[in-house]
Structure formats: structure tokens, C-alpha cells
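Enquirer: Spelled out, the chains give:
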Amino acid sequence: MSVPLARRQLLFRKGRAVAGVAGIAAALLLVLALKAIFAGINDRLTAYIDKSGADVIVAQRGVDTMHMTQSALPEQTATAVAAVPGVAEARPILYAPAMIERGEARGIAYLVGDDSGGAPLPMATGRRARAGEIVLERTLAERLDARAGSGVRVFGRTFRVSGEVDGLASILNSVAFVRRQDLARVLESVGVVSYVLVRARPEIGGAELAARIEASVPGVTASTRAAFASSERRVVGDMTTDIVRAMILVGFVIGVAVAGLVAYSATLSQIRDYAVLRAVGLRVRGALALAVAQVGATVAAGFLLALALVWALAAILPRLTPTLVLAIRTADVALALVVAGAVALAAAAFPVLRVARIDPASVFRR
Amino acid sequence: MESTLVRIHNLAKTFGEGETRVEAVRGLDLDLARGEIVLVMGPSGSGKTTFLSMLGGLLRVSAGEIWVNGTDIAALGERELPPFRASTMGFIFQDFNLIAALSARENVEVALNIGGQSGGTARERARGLLESLGTGDRLDFPIEKLSGGEKQRVAIARAVANRPMLILADEPTANLDSHHGAETMRLLRTLAKEEGVTVVIVSHDQRLREIADRVLWLEDGQFKALQALARDPVCGMLIDPAQAPAELESDGETLYFCSSGCRRQYEEERLVAASQ
Numbered sequence: 001m002s003v004p005l006a007r008r009q010l011l012f013r014k015g016r017a018v019a020g021v022a023g024i025a026a027a028l029l030l031v032l033a034l035k036a037i038f039a040g041i042n043d044r045l046t047a048y049i050d051k052s053g054a055d056v057i058v059a060q061r062g063v064d065t066m067h068m069t070q071s072a073l074p075e076q077t078a079t080a081v082a083a084v085p086g087v088a089e090a091r092p093i094l095y096a097p098a099m100i101e102r103g104e105a106r107g108i109a110y111l112v113g114d115d116s117g118g119a120p121l122p123m124a125t126g127r128r129a130r131a132g133e134i135v136l137e138r139t140l141a142e143r144l145d146a147r148a149g150s151g152v153r154v155f156g157r158t159f160r161v162s163g164e165v166d167g168l169a170s171i172l173n174s175v176a177f178v179r180r181q182d183l184a185r186v187l188e189s190v191g192v193v194s195y196v197l198v199r200a201r202p203e204i205g206g207a208e209l210a211a212r213i214e215a216s217v218p219g220v221t222a223s224t225r226a227a228f229a230s231s232e233r234r235v236v237g238d239m240t241t242d243i244v245r246a247m248i249l250v251g252f253v254i255g256v257a258v259a260g261l262v263a264y265s266a267t268l269s270q271i272r273d274y275a276v277l278r279a280v281g282l283r284v285r286g287a288l289a290l291a292v293a294q295v296g297a298t299v300a301a302g303f304l305l306a307l308a309l310v311w312a313l314a315a316i317l318p319r320l321t322p323t324l325v326l327a328i329r330t331a332d333v334a335l336a337l338v339v340a341g342a343v344a345l346a347a348a349a350f351p352v353l354r355v356a357r358i359d360p361a362s363v364f365r366r
Numbered sequence: 001m002e003s004t005l006v007r008i009h010n011l012a013k014t015f016g017e018g019e020t021r022v023e024a025v026r027g028l029d030l031d032l033a034r035g036e037i038v039l040v041m042g043p044s045g046s047g048k049t050t051f052l053s054m055l056g057g058l059l060r061v062s063a064g065e066i067w068v069n070g071t072d073i074a075a076l077g078e079r080e081l082p083p084f085r086a087s088t089m090g091f092i093f094q095d096f097n098l099i100a101a102l103s104a105r106e107n108v109e110v111a112l113n114i115g116g117q118s119g120g121t122a123r124e125r126a127r128g129l130l131e132s133l134g135t136g137d138r139l140d141f142p143i144e145k146l147s148g149g150e151k152q153r154v155a156i157a158r159a160v161a162n163r164p165m166l167i168l169a170d171e172p173t174a175n176l177d178s179h180h181g182a183e184t185m186r187l188l189r190t191l192a193k194e195e196g197v198t199v200v201i202v203s204h205d206q207r208l209r210e211i212a213d214r215v216l217w218l219e220d221g222q223f224k225a226l227q228a229l230a231r232d233p234v235c236g237m238l239i240d241p242a243q244a245p246a247e248l249e250s251d252g253e254t255l256y257f258c259s260s261g262c263r264r265q266y267e268e269e270r271l272v273a274a275s276q
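Sequences listed follow chains A and B, in order.
Counting along the first sequence from 1, when you hit position 93 you're at 93 in our numbering, and nothing is skipped either side.
Counting along the second sequence from 1, when you hit position 83 you're at 83 in our numbering, and nothing is skipped either side.
I should point out that these hints are in silico values taken from the structure, not numbers from a laboratory.
All figures in this text were calculated on a predicted structure; none of them were measured in a lab.
Note that CB positions come from ideal geometry on N, CA and C, so glycine has one too.
Accuracy of the hints is not assured; some may be wrong.
Listed below are several chain B residues computed to face chain A (Cβ distance under 10 angstroms; list not exhaustive) [to be verified]:
#  : residue
1  : Thr49
2  : Leu58
3  : Ser87
4  : Met89
5  : Phe93
6  : Asn97
7  : Leu98
8  : Ala101
9  : Ser103
10 : Glu106
11 : Asn107
12 : Ala111
13 : Ala122
14 : Lys145
15 : Asp170
16 : Glu269
Derived Cβ-Cβ restraints for the label pairs, each shown as a range [what the hints assert, rightly or not]:
#  : chain 1 : residue 1 : chain 2 : residue 2 : range
17 : B       : Asp213    : A       : Arg8      : 37 to 47 angstroms
18 : B       : Thr121    : A       : Asp242    : 54 to 64 angstroms
19 : B       : Asp137    : A       : Pro4      : 15 to 25 angstroms
20 : B       : Ala174    : A       : Ala312    : 51 to 61 angstroms
21 : A       : Ile243    : B       : Gly120    : 50 to 60 angstroms
Please work from the sequences and hints to get the whole structure.
Expert: In C-alpha cells:
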């Protein structure tokens, strides 16, 4: 058909079309934004691991994450790991969640105690922590108003801020660095390390080295950086899956309600047109296609608007709230597209049923 | 080419069952010639719309046959009827039934699209038709901006767009003033006499008798011979003598009236005429 009938009918009542597109966009934005927020959290969740320079992370046997778990190894483990052929460097770290306070202000951070005070992560400002000093993630430093030289309290002891690192905080938590000996002292766990970060020699792969370490050092689990990060994401994923599913369902229901209502009112207002077109010779199939095309176009426009909005949010929100990072993943866009398709199918049911029952003889009724 | 375009035989339509059963149309027989204009009149509820709907293939018959150009449309399936309607019939409605979301030209073009023409060919044909009907300067106007007469011309252009053999018009002049009503009548007459299109009009409008080759009276679902009907000498309404509310013997002739009011007026006028 060369007359763009579906488009004309859709745009004839512009207010209704805009409301329909906006409603569907809002519903899909719920799905997209939530997925992007969790993806952003996931990215930040493993930022320390990703940037640590380790090819293999060695933990207590059975442990392959940092969050929601605890790993304790004898300090000598680092020496044993360093002796494994293929290991270029083995750095022991202590790791503990901590409340960092300055006056009335406070924030949760994963406190990493290592011998370098934060290497090899680049410093945003200041220098690495020395004895009695702490490096804060920038957003936490801003929240606590704790610039270089300020004092903060951790586990009841005061540390002086020596500098800031950037890009490690999410809306859930932050990361801070102290000297390992300082953390061991406040945790009263001298002679114990949490993890050993291992750098491999160029000639050996991470997976091969991890297997070699597990075979050589008793009581440890060695994971490649990628596997360790993946386990971290899975832990948080398991915690948030139900929330995400619930919100996707909410988004779907809202989308169906909005699209269905728009399709319902649009079809009712166009019933006479459909009857005329049927009388003039349009087949039932053609009339159905016309109805479905309008629903499909509304949902497609809603999807594109939602996508544009989530891109805009991803660009704007981190500037307003640096810890709120939205990561838009292809898989999540595909999921929103599937939700949009399901919304379109469900919302098209009413017009399809109604249009299929149109009596073309009704054109003569007044 | 056979001169008869439409043959209707023993046509019947029944609605409902049991106590609610209504015979809207029964035992209709009718032949329509090519280029003929037939006006179907009758009281409300007489079965005119039902007859028109069945003739247009929009309503299934309960019994009988409707042959249009050699095809029994009563026997056509749901898949075959729409293209048959698109290629053979045109419809004109009392309320114009134009699609408000489309321009004047697009309303005609969409009928051409349904009939199988598309693109520039359809666009040009729609433009040509509207220009020939005097609405060439309203091609891209939205329907709501057109006058009643202009809307009816667009509706007529849509009806004839696919060069139909049969046009079915339902009260085509009812929403028009006398000027535009006369113009519509002229257009229908032209279509029939110059294009050979058969036109069936269902209407209460007495003015349409002027262009009709035949006037049929449909009452209680059956055609009644017009010669058997009497005309009220006061208001001109056609009435069944057997059911006339009032009658009067005058000069050896029986006059029938639609109401006692008309008979009283007739008697008063006669008295006035006699006294002069």
C-alpha cells in the first residue's frame, strides 16, 4: 500500500501517540536502567581485581571471591607461591570490609592492606600509603571531606590520608589502601594474609599457572583473574537476580498496560475506518496488519526512546553521582528488545481480536 | 456483453431464531441493467440497508442468489469477496465515511491501493479523479477542512476509483444542502449514462426520483409495485392503500393520505377553491 495508512492513523491523534510512546519508553527504561545500574556496579565491583595487575589470585581452599566471604592463609603461603616455577611476583594482601569515619561522616570500604600501599593502581592525587597512612577512593574522600593530610578513623585507629585513587567505587561500596602491617596490627592477625596476588612470567598462561600453584601449594585455590572476577560478579548477581527479575516483570506489566490501553483506545476510535476499508475491499489480514503495525510502531518508538534515555542517563548520572555508573551491555539491550517484543505481542491482542470481528456491513449503520 | 449486470433471485435474510426471528428480506427478485439507476425507497426498517449490504457482499444471505457480472457473490468465500468488492463495486455513504487521518487524495488513493494499484499510478489517478470532480484544489486538504459537498465528491471519487461496474449508494444526498444534493445527483447520473455504471441508491430523498430509471418500493422485506402504491396528494408521500391512515372519495376516485391532517388540509383547500 503506497498510502502510509498505519503511520497516518497513528499520528492523527498526536497526543495519544506521544503518551503511548512515552509510557512504553518509561516501562522499558525501567528494565534498561536497572540492568545498566547493576552492570555498572558489577564493573566497579571487580575494578580492583581488574586493575591489580595479578594474573592469578590465590585464596584459602574453596574461596574464589572477595565479597561475601573470608580467606585466611599463613603468611608463608606467599613465599611458597613465589617459589612455583612460572611465578614472576607474589604479593600477599590482607583484605577486610571496614567503616571509615571522619567526624560524623562515615562510609563503607573494602580495606586492602598490601606492602606497596596501593600499587600498581595509578594515584589520582597524592602518594601511596606509608606506615600510618591510608589511600582513599576519590568519591569517599569527597564524601568524608578527607583530603591529603586529613585524619580518618578505621577500626578505632587514626590514619592520615596520603592520596586518592579513582574509579574503584560503586553505589554499594568503596576501596581504600593501607600498609599490610598496619592492617594486620588493627585486625590482630599478624602472620596471616587473605590473598596472594600473582603475576605470571610471560611464557606461561594464567590458567596453567593457577593449576601449577594448586598442585604445588597445599590448602589453596588459585583462580585466574578473569575467573575470579567472574565469581565476584556471580555473587552479586545471585543477590540481585530476584530484584532484576521483579523489575523486568514490573516493566513488562506497565508496558503491556500502557501499550494495551493505547491500542485499545486507538482501535475503538478507528473502528469505522476499519469497517470502511473492509467494505472497500481490504482483506481481514490487511486490516489486522494495519492494527498490529500501529502497536508495533508505538512499541518500537518507545524502545528507541528508552534506549536514548538510558544513554543520556549513562552520560549524565556519573557526573552528578560519581559512584552511580550505568554500563549499557548489548545483552541487556537485547533483553529490553525481547521485553518490548513481548509487550507488542500482548498489546496487539486486543486490536487483533477486535478488528477480526469487525462487520463490514456496519458501514451502513448510523 | 450482456445488458443485465445484476440478477437477484429469491433473496432472503433472516436475523435471530425462534421468537426473536426476524425476516428482514424475503423472496426478492430483481434484474439490474448496465448503466441503470435504480432508486430503492421504503419506510425505515423495511429492509433497505439489509438489501444493500447483501448486494454489496457485506452481509451473508440466508437464501437466494446474487449474480453480479456473472458471479454469484452469495457463493463466494470470505477470501474472495474483498477483492471482488474492490474491483467490481463502489460504495457511497450518507456520512461520507472518509478516513479523517488521510487527505482528500489519500482517501481515494487508498481505495486504489486496495484495488491493486500503487505508487505514482494510483496517485495520478486519484488526482485526476478529484480534479474531474472539481476538487483539484483540495487534494492535500485534511478531510475535516472540506465542506459537505466536497466530502461527498471525494467519497464519489473513492467509489469510482477502481472503475466499478456497480455503485451502491446509501442516502447519498441526506447530509447535503439542495445545491450539493443536486450536484451529487448529476454526478451519479453522469456515471450511469456516460460510464455505463449501474447505480443502486437507497434513500428517502424524493429528489432522487428525478435521476432514477426505476423506483422500487421496499416494505416488510419485499418489493411492492409502485403502481399499487398511492401518493398522498398533499405531502406527496407514497403509501400502501391497504394501510393508509386516511382516505377520501373524490369525484369517483379514492384518495389516500398519510395522515388525517393531510386529509383535513386537502378538504380545506378544496373548500377554498370551490368558494372562489
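Enquirer: Does each hint fit the structure? Answer for all of them.
Expert: Going through the hints against the structure:
1. Thr49: 5 angstroms, holds
2. Leu58: Interface hint status for leucine 58 of chain B: holds (4 angstroms vs cutoff 10 angstroms).
3. Ser87: At about 8 angstroms, which falls below the 10 angstroms cut-off, the nearest Cβ of chain A leaves the hint on serine 87 of chain B intact, so it holds.
4. Met89: 8 angstroms, holds
5. Phe93: 6 angstroms, holds
6. Asn97: The hint holds - asparagine 97 of chain B has a Cβ within 10 angstroms of chain A, the shortest such distance being about 5 angstroms.
7. Leu98: Nearest chain A Cβ about 8 angstroms off; hint holds.
8. Ala101: 4 angstroms, holds
9. Ser103: This hint holds: serine 103 of chain B lies near chain A, its Cβ roughly 9 angstroms from the closest one there, short of 10 angstroms.
10. Glu106: OK, holds: glutamate 106 of chain B within 10 angstroms of chain A, min 5 angstroms.
11. Asn107: 9 angstroms, holds
12. Ala111: The hint holds - alanine 111 of chain B has a Cβ within 10 angstroms of chain A, the shortest such distance being about 5 angstroms.
13. Ala122: 6 angstroms, holds
14. Lys145: Interface hint status for lysine 145 of chain B: violated (14 angstroms vs cutoff 10 angstroms).
15. Asp170: 5 angstroms, holds
16. Glu269: With a closest approach of 36 angstroms, the glutamate 269 of chain B hint is violated.
17. B:Asp213 - A:Arg8: 37 to 47 angstroms: Distance hint for aspartate 213 of chain B, arginine 8 of chain A holds at roughly 39 angstroms.
18. B:Thr121 - A:Asp242: 54 to 64 angstroms: Given about 59 angstroms between the Cβ atoms, the range holds.
19. B:Asp137 - A:Pro4: 15 to 25 angstroms: 23 angstroms, holds
20. B:Ala174 - A:Ala312: 51 to 61 angstroms: Hint holds: Cβ distance 55 angstroms, inside 51 to 61 angstroms.
21. A:Ile243 - B:Gly120: 50 to 60 angstroms: 56 angstroms, holds
This entry does not satisfy hints 14 and 16, going by the numbered hints stated previously.
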